[in-house]
Amino acid sequence: MPRYIVSRLVAAAIMAVFATLVIFLIANTVPGDPVRAQLGDMAASNPEFLAAWRAKWGLDLPLWERYLLFLKGLVHGDLGISIASQRPVLDDIVNYAPATIELATAGFLLSVVVGVPLGIVAAVRRDTWIDHVARFVSLIGVSSPTFWLAFIVLAVFYGELQIAPGPGRLDPIAFPPDRVTGLFLVDSVLAGNWESFWDALSHLVLPSTVLAASTLGLITRTTRASMLESLQQDYVRVARAKGLKERRIVTGHVLPNALIPVVTLGGLAYANLLTGAVMTETIFSWPGLGRYTFRSAAALDFPAIMGITLVVAVTYLLINLLIDISYALLDPRVVR
Amino acid sequence: MSLAQATAVPVSIAPVASKRRRWWRRYGLASLGATIILAWILIAIFAPVLTSHSPDLVDVTNRLKPPSAANLLGTDALGRDVLTRLLYGSRISLTTGFVVVILAAIFGTLVGGIAAYSRGRIEEIVMRVTDLVLCFPPIILALAIAAALGIGATNTIIAMLVVWWPKFARLARSLIIVQRSQEYVEAAMVVGLSPARILIRHIIPNSVGPLIVLVTLDIGNAIITFAGLSFLGLGVIPPTPEWGSMVSEGRELIEQWWVASFPGLAILSIVVGFNFLGDGIRDWLDPKSRRR
Numbered sequence: 003m004p005r006y007i008v009s010r011l012v013a014a015a016i017m018a019v020f021a022t023l024v025i026f027l028i029a030n031t032v033p034g035d036p037v038r039a040q041l042g043d044m045a046a047s048n049p050e051f052l053a054a055w056r057a058k059w060g061l062d063l064p065l066w067e068r069y070l071l072f073l074k075g076l077v078h079g080d081l082g083i084s085i086a087s088q089r090p091v092l093d094d095i096v097n098y099a100p101a102t103i104e105l106a107t108a109g110f111l112l113s114v115v116v117g118v119p120l121g122i123v124a125a126v127r128r129d130t131w132i133d134h135v136a137r138f139v140s141l142i143g144v145s146s147p148t149f150w151l152a153f154i155v156l157a158v159f160y161g162e163l164q165i166a167p168g169p170g171r172l173d174p175i176a177f178p179p180d181r182v183t184g185l186f187l188v189d190s191v192l193a194g195n196w197e198s199f200w201d202a203l204s205h206l207v208l209p210s211t212v213l214a215a216s217t218l219g220l221i222t223r224t225t226r227a228s229m230l231e232s233l234q235q236d237y238v239r240v241a242r243a244k245g246l247k248e249r250r251i252v253t254g255h256v257l258p259n260a261l262i263p264v265v266t267l268g269g270l271a272y273a274n275l276l277t278g279a280v281m282t283e284t285i286f287s288w289p290g291l292g293r294y295t296f297r298s299a300a301a302l303d304f305p306a307i308m309g310i311t312l313v314v315a316v317t318y319l320l321i322n323l324l325i326d327i328s329y330a331l332l333d334p335r336v337v338r
Numbered sequence: 124m125s126l127a128q129a130t131a132v133p134v135s136i137a138p139v140a141s142k143r144r145r146w147w148r149r150y151g152l153a154s155l156g157a158t159i160i161l162a163w164i165l166i167a168i169f170a171p172v173l174t175s176h177s178p179d180l181v182d183v184t185n186r187l188k189p190p191s192a193a194n195l196l197g198t199d200a201l202g203r204d205v206l207t208r209l210l211y212g213s214r215i216s217l218t219t220g221f222v223v224v225i226l227a228a229i230f231g232t233l234v235g236g237i238a239a240y241s242r243g244r245i246e247e248i249v250m251r252v253t254d255l256v257l258c259f260p261p262i263i264l265a266l267a268i269a270a271a272l273g274i275g276a277t278n279t280i281i282a283m284l285v286v287w288w289p290k291f292a293r294l295a296r297s298l299i300i301v302q303r304s305q306e307y308v309e310a311a312m313v314v315g316l317s318p319a320r321i322l323i324r325h326i327i328p329n330s331v332g333p334l335i336v337l338v339t340l341d342i343g344n345a346i347i348t349f350a351g352l353s354f355l356g357l358g359v360i361p362p363t364p365e366w367g368s369m370v371s372e373g374r375e376l377i378e379q380w381w382v383a384s385f386p387g388l389a390i391l392s393i394v395v396g397f398n399f400l401g402d403g404i405r406d407w408l409d410p411k412s413r414r415r
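Sequence lines, in order, name chains U and W. Note that the first sequence covers residues 3 to 338 in my numbering. Note that the second sequence covers residues 124 to 415 in my numbering.
Don't read these hints as lab results, they were simulated from the structure. From a predicted model like this one, the values you see are computed outputs, not experimental measurements. Here a beta-carbon is modelled for each residue, glycine too, at the ideal position from N, C-alpha and C. Some clues are possibly wrong.
Here are the in silico distance ranges between beta carbons for each label pair [what the hints assert, rightly or not]: (1) W/Leu316 with U/Arg250: 52 to 62 Å; (2) W/Ile335 with U/Leu52: 46 to 56 Å; (3) U/Glu50 with W/Ala193: 52 to 62 Å; (4) U/Arg297 with W/Ala193: 52 to 62 Å; (5) W/Thr158 with U/His134: 14 to 24 Å; (6) W/Gln305 with U/Glu67: 49 to 59 Å; (7) W/Val252 with U/Glu67: 16 to 26 Å; (8) U/Val158 with W/Gln305: 48 to 58 Å; (9) W/Gly243 with U/Trp66: 26 to 36 Å; (10) W/Glu306 with U/Trp66: 43 to 53 Å.
Computed footprint of chain U on chain W; a stretch qualifies when at least three of its residues, placed anywhere within it, have a C-beta under 8 Å from a C-beta of chain U [unchecked claim]: (11) 252-259; (12) 267-274; (13) 342-350; (14) 367-380; (15) 394-404.
Just chain U, same shape as in the assembly (with noise of 0.2 Å):
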């Protein structure tokens, strides 16, 4: 086991750094100029304002130096300085990260605390009314656009209704807590600031609810199919012909086994949430790397821009390290 780890580890690290050469070379060789979408035309057309601001950047060295440079830096601890906010890349990151982990965290668990169960409802009372429920809720859920939703939601619950908070994090005169780890539920309740933890999580409500539609969607479905799979087995037969009670036979039996794809899923899915959060940070002007992410590849800030894609890779490397060996916890036949 601990060799498998460390190999799958060491094939993880190779590829993040071929992720950053891919996004460079795309970086590098498309037809946008970030000299013209940064300066503007006025500044654009000044030669020698021109040449100093690519020397600046490097933008004049061949193209392997500068990948080499930005390899150097990596090792350093260096993504680069970005372009348009003119602060480290990395510090960006770190500054915008937990804004994002805090949303796509509560949309996962969201999606996992409804979708699992609904799942497994439906399967075993399977042609009921709750599995219709359960069906179409999948069906609205995968099938809505994201950016659509998010203006539904604020329009009803913001605008219409006025029970929920509107865009951002906090209420707009409010001070964010002390930063300790940046999530702000975590640091009011550390600060002992209710208050502000509970106007952190109703900001959070519906930002996460349209974030976890989708995956909802699709775990309810995984859930659901992967239960009526393993309900026809023959162990199923066997604890029935054995006189084991029916609560028995789903807890005991087929929720451990049909809850293997879903861990698959899950993992994936939640990868996705930390990445997929670009439309619903957008409309809730919610600060984590989702808008930055935005405004980075609007403005062809491409040290930003390598610097997320170095992050968001490594992130869903790491992912499917754990899905795998969470599958070979799970399911001993899978460590050879």
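Position chain W against the provided structure of chain U, taking the given hints into account.
Chain W only, in chain U's frame:
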């Protein structure tokens, strides 16, 4: 009622149902999905006949009017008829959905097929490249590429293609590995057919079922993703009518809900259509998964 009671007779044989009921169970949702898709295709083709308004006609004296007899779905901030723009918008969404998924499926299947068929070093390299693309979250990579290439439907389609093919490569590879060991392949080799011919004429047609399912389900995904990129301002150039950008234009207008709500419902309906159809095809191809 407890869990136990509900499952007292879990694996029962389906009760004898009337013919119509059985037909509905088997093909109902799939044909509903096909009908929705067909309706949207017809709307896309006949949009100019279905409405008397022009999609681009700006009329500021008539801006932000709620739904009425003259403008069934109201007007937007520039006084354009929302229904008209919605009908015309189906053209872009359907085209991009089909183009992205079908091109990605063709390319991905060929790549996966070559990998599975050649095995060894080539397979290793091809699949590592596939993994490499898969470890980028699609939306971020597409965002970066679309931003770099510049705004426009074609560029957005290119950006989506870059991130879209690997899943088809993976699926095709696993399907083809299964087929490769079948006897008819051996027979074809003995007869002396070329590897390319065996792959394209014999193996791919035999493993095409699950690919068709993925294509159908995925067109809905592609439509949502394109609309999303459009929503972020990277899809179409205004004033082209497109659902994602229509939602974006109406996102601040909470009072004038009709501007953003209806284009979103249009996306929802078409994606539901593709989901129904895809699930239906899967049940049809794989009776084991029926009624899941």
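Here is what the structure says about each hint:
no., hint, result
1, W/Leu316 with U/Arg250: 52 to 62 Å, "56 Å, holds"
2, W/Ile335 with U/Leu52: 46 to 56 Å, "52 Å, holds"
3, U/Glu50 with W/Ala193: 52 to 62 Å, "58 Å, holds"
4, U/Arg297 with W/Ala193: 52 to 62 Å, "40 Å, violated"
5, W/Thr158 with U/His134: 14 to 24 Å, "20 Å, holds"
6, W/Gln305 with U/Glu67: 49 to 59 Å, "52 Å, holds"
7, W/Val252 with U/Glu67: 16 to 26 Å, "25 Å, holds"
8, U/Val158 with W/Gln305: 48 to 58 Å, "55 Å, holds"
9, W/Gly243 with U/Trp66: 26 to 36 Å, "30 Å, holds"
10, W/Glu306 with U/Trp66: 43 to 53 Å, "51 Å, holds"
11, 252-259, "holds (count 5)"
12, 267-274, "holds (count 7)"
13, 342-350, "holds (count 3)"
14, 367-380, "holds (count 8)"
15, 394-404, "holds (count 3)"
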